[in-house]
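S.K.: Respectively, the protein sequence lines represent chains A and B. Here the first sequence stands for residues 1 to 346, where the numbers follow the working numbering. Here the second sequence stands for residues 1 to 377, where the numbers follow the working numbering.
Quick caveat, the hints were computed from the structure, so don't treat them as lab data. Some clues are possibly wrong.
Said to hold, decoys possible - Each pair of labels, with its calculated beta carbon distance range: (1) B:157 / A:160: 46 to 54 Å; (2) B:161 / A:112: 39 to 47 Å; (3) A:297 / B:104: 34 to 42 Å; (4) B:175 / A:133: 36 to 44 Å; (5) B:332 / A:133: 27 to 35 Å; (6) B:116 / A:271: 52 to 60 Å; (7) A:115 / B:153: 38 to 46 Å; (8) A:133 / B:31: 37 to 45 Å; (9) B:332 / A:224: 53 to 61 Å; (10) A:267 / B:185: 53 to 61 Å; (11) A:112 / B:332: 38 to 46 Å; (12) B:332 / A:134: 48 to 56 Å.
Unchecked claim - Some chain B residues well away from chain A (every beta-carbon gap over 10 Å; in silico): (13) 132; (14) 141; (15) 164; (16) 184.
By construction, the Cβ of each residue, glycine as well, lies at the ideal position given by its N, Cα and C atoms.
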Amino acid sequence: MSLTRKLVAIGGTALAASLVLTGCSGTTASTQSTASSDGPTIAMLYGTTGDFSFMDSAYKGFTEAQSEFDFTPLDLSSPNTDDYQDRLDLAISQGSGLAIGIGFQYATPMEQTTDHPDTQFVAVDIDKGTVIPDTTTISFAAEQSSYLVGVAAALTSKTGHVGFVGGVDQPSIQNFFVGFEAGAKSVNPSIVVDKTYLSPLGDFTGFSDPTKGKEAAASMYAGGADVIYAAAGGSGQGVYEQAAASSTTATKNWAIGVDGDVYSQVDESIKPYILTSAIKNVDVAVKDSIKSFLDGTLEPGEQDFDLSNDGVGYATTGGFLDAYSTQLEKAKQDIIDGTITVPTTV
Amino acid sequence: MIRRIAVTLAGPVVSVLLALLVTTLFLTFGGYSAASAYEVMWNYGIEPASLVSALNNAVPLYLAGVAAAFALRMGLFNIGVDGQYRVAALAGAVVAANLPLPLALRLPITLLVCCLVGALWALVPALLKVYRGVSEVITSILMNAIATTVVAILLADVFRSGGGQNTGTAIIDAEGAMPALVDLGIGNRTTISGFLLVAIAVGILFYLIQYRTVFGFTLQVASKSPEAAESAGIRVNRRIIWAMLGSGAIAGLVGLPHVLGTAFRFDGTLPTDLMFTGLAAALLGRSHPIGIAFGAFVLAFVERSSQVLGLVKLPTEVGSVFMAVILLSSAIGYWLTERADQRIALWNALRRRRAAGRHPGSPPPPTPSAPGMEAAR
Numbered sequence: 001m002s003l004t005r006k007l008v009a010i011g012g013t014a015l016a017a018s019l020v021l022t023g024c025s026g027t028t029a030s031t032q033s034t035a036s037s038d039g040p041t042i043a044m045l046y047g048t049t050g051d052f053s054f055m056d057s058a059y060k061g062f063t064e065a066q067s068e069f070d071f072t073p074l075d076l077s078s079p080n081t082d083d084y085q086d087r088l089d090l091a092i093s094q095g096s097g098l099a100i101g102i103g104f105q106y107a108t109p110m111e112q113t114t115d116h117p118d119t120q121f122v123a124v125d126i127d128k129g130t131v132i133p134d135t136t137t138i139s140f141a142a143e144q145s146s147y148l149v150g151v152a153a154a155l156t157s158k159t160g161h162v163g164f165v166g167g168v169d170q171p172s173i174q175n176f177f178v179g180f181e182a183g184a185k186s187v188n189p190s191i192v193v194d195k196t197y198l199s200p201l202g203d204f205t206g207f208s209d210p211t212k213g214k215e216a217a218a219s220m221y222a223g224g225a226d227v228i229y230a231a232a233g234g235s236g237q238g239v240y241e242q243a244a245a246s247s248t249t250a251t252k253n254w255a256i257g258v259d260g261d262v263y264s265q266v267d268e269s270i271k272p273y274i275l276t277s278a279i280k281n282v283d284v285a286v287k288d289s290i291k292s293f294l295d296g297t298l299e300p301g302e303q304d305f306d307l308s309n310d311g312v313g314y315a316t317t318g319g320f321l322d323a324y325s326t327q328l329e330k331a332k333q334d335i336i337d338g339t340i341t342v343p344t345t346v
Numbered sequence: 001m002i003r004r005i006a007v008t009l010a011g012p013v014v015s016v017l018l019a020l021l022v023t024t025l026f027l028t029f030g031g032y033s034a035a036s037a038y039e040v041m042w043n044y045g046i047e048p049a050s051l052v053s054a055l056n057n058a059v060p061l062y063l064a065g066v067a068a069a070f071a072l073r074m075g076l077f078n079i080g081v082d083g084q085y086r087v088a089a090l091a092g093a094v095v096a097a098n099l100p101l102p103l104a105l106r107l108p109i110t111l112l113v114c115c116l117v118g119a120l121w122a123l124v125p126a127l128l129k130v131y132r133g134v135s136e137v138i139t140s141i142l143m144n145a146i147a148t149t150v151v152a153i154l155l156a157d158v159f160r161s162g163g164g165q166n167t168g169t170a171i172i173d174a175e176g177a178m179p180a181l182v183d184l185g186i187g188n189r190t191t192i193s194g195f196l197l198v199a200i201a202v203g204i205l206f207y208l209i210q211y212r213t214v215f216g217f218t219l220q221v222a223s224k225s226p227e228a229a230e231s232a233g234i235r236v237n238r239r240i241i242w243a244m245l246g247s248g249a250i251a252g253l254v255g256l257p258h259v260l261g262t263a264f265r266f267d268g269t270l271p272t273d274l275m276f277t278g279l280a281a282a283l284l285g286r287s288h289p290i291g292i293a294f295g296a297f298v299l300a301f302v303e304r305s306s307q308v309l310g311l312v313k314l315p316t317e318v319g320s321v322f323m324a325v326i327l328l329s330s331a332i333g334y335w336l337t338e339r340a341d342q343r344i345a346l347w348n349a350l351r352r353r354r355a356a357g358r359h360p361g362s363p364p365p366p367t368p369s370a371p372g373m374e375a376a377r
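Could you build the full structure based on these sequences and the hints that come with them?
M.R.: This is the structure in structure tokens:
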């Protein structure tokens with residue numbers, strides 16, 4: 001009997017405490033996130049921010065669009081990898097006029113959801129050539145920007161030896177490598193291009209482990225490479241730091257960033273070692289789709305973000321590439337014209 | 001009897017309450033209204049589509065929980081469920097896509113192959129434990145890392161089908177996929193997957209083996225006291241191997257609901273956190289087949305209902321916090337209830353002894369059972 005009493009006491013204490021705290025006021029659920037907005041609802045479905053690249057860039061585009069255009073945003077972020085369909089359903093049931101899915105994982109749910117008369121779909125970063133009915137798919141030619149930073153790396157390297165640090169050994173990241181290698185070899189056919197991936201296929205820790213990135217870069221710099229291209233999401237930070245750490249007064253080491261303009265994101269002490277960045281304008285893609293949706297001009301079908309429409313590119317912040325701007329611009333023009341075909345893995 | 005039921009029920013309830021308390025603290029000190037968050041979550045969670053989704057999502061968690069519990073009842077901590085289900089899911093995806101047989105044959109074969117592969121993957125830690133005395137916790141964690149690499153190599157170089165970013169095996173057609181059990185037809189996506197039956201069957205098998213056979217009893221004895229078991233003629237080493245094989249075989253099924261019901265291939269979307277959530281379900285359900293089902297459903301319900309928080313500008317991390325706290329609080333909750341249970345047993349025994357002392361003519365009181373045996377029942 002007293003057992004039951006004791007259990008009731010324990011449970012009761014927890015319950016009472018919960019109730020007391022629950023009663024405290026705070027930020028309550030807001031059914032209308034921006035009270036003044038009468039515009040249509042636009043949902044963005046994505047993972048979690050804080051990767052310093054892909055997701056952050058998408059989030060940036062979404063927040064910028066909120067300040068520029070009039071619409072009700074629905075922020076559907078989730079760290080889980082098994083609820084893409086749930087989030088899409090949620091966006092539809094909330095009456096979203098537009099649902100933007102960030103990542104190739106949305107290809108299947110958007111293909112399987114055939115009945116969505118009131119919601120337009122945009123899938124960002126889908127493989128080139130994928131056709132999803134009633135969906136706007138956006139693909140990025142990452143191999144093209146990688147080719148250009150490869151050219152920059154080969155022109156800058158004094159040792160004739162450059163390196164590549166990839167996040168995960170998967171086709172989307174191998175694509176950065178083949179472009180980079182082709183670009184470097186176009187300048188110096190005998191250049192040595194090291195490569196390493198921080199984690200194997202299916203293990204995504206390679207995108208969020210700066211320590212591993214730092215170790216990989218340290219061994220490459222020690223092995224003679226003096227420019228390293230980091231296509232490794234959040235792990236890239238370790239590569240940038242190591243570029244500074246491995247440099248001496250006699251030899252300067254460089255790092256090349258990815259997705260965003262890394263030069264403008266890192267600490268002052270590391271800036272002098274960031275040669276350039278291969279840019280992937282995910283934020284532009286998100287913002288543009290929102291704008292064209294609001295204008296009523298968003299059409300289903302494939303949109304390619306490549307060099308020809310500045311969907312991808314390379315950064316010149318810092319001015320380290322000023323001396324090579326003619327070669328780089330020529331390579332860029334040749335790719336746009338089709339004189340150079342960049343290899344790809346996706 | 002009533003006491004046993006009270007103790008069994010009180011454990012999970014106290015755990016859930018503790019988890020709610022911590023989550024409430026998290027929300028309150030973060031400047032959010034917990035009441036408002038719970039209300040939004042509850043309202044979304046009890047929608048038909050949410051309940052069906054939670055039920056379907058609870059199935060892999062349940063399988064992972066039962067797999068862990070199977071080893072746990074022998075005192076083994078199979079932390080390799082993770083690797084076992086990923087290797088098995090790859091094998092299952094290949095078999096389901098390529099076997100030229102009708103569904104009625106292909107599906108059972110797929111399930112069997114997955115069990116077999118999962119069991120084989122778990123055999124390595126078992127053998128190392130029996131013959132070299134290496135802790136199964138260490139080896140099964142290491143086997144997870146090996147699984148990652150093996151799956152990566154096999155997927156990239158052998159079983160890859162089609163191009164693109166999403167590396168995966170060949171698509172499984174309707175003759176290889178798990179059919180729907182029933183479509184409730186109350187709104188969008190209210191189809192219950194056939195894997196629910198698989199989960200129920202596994203739960204029943206688990207109960208029969210662990211609670212109703214001599215084998216299950218010998219596992220219990222061997223885990224309580226290996227020396228006593230050995231001298232009673234139970235071969236403890238064999239029990240270790242069988243417990244790990246059983247655990248691995250169940251673990252082999254964990255990835256299949258995704259492969260045969262959602263993605264229709266093995267690819268980059270296979271969830272990788274099923275083991276830990278499943279383990280939480282096993283702890284919450286006290287390794288009892290019905291308790292684990294309850295735990296798995298609660299966790300899947302929280303996971304599903306916390307998705308809605310982003311809509312109303314509340315942190316979606318609430319779900320993750322709740323899950324994490326459940327793991328800790330289920331340990332504390334049981335410790336509290338267990339302690340209370342033992343105290344009561346002692347008091348009752350003392351009271352009986354005193355009562356017996358006052359009436360010398362009455363028969364001697366029954367010996368109170370030892371706490372260890374109490375837990376074993």
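S.K.: If you check each hint against the structure, which ones fail?
M.R.: 1, 2, 3, 4, 5 and 15
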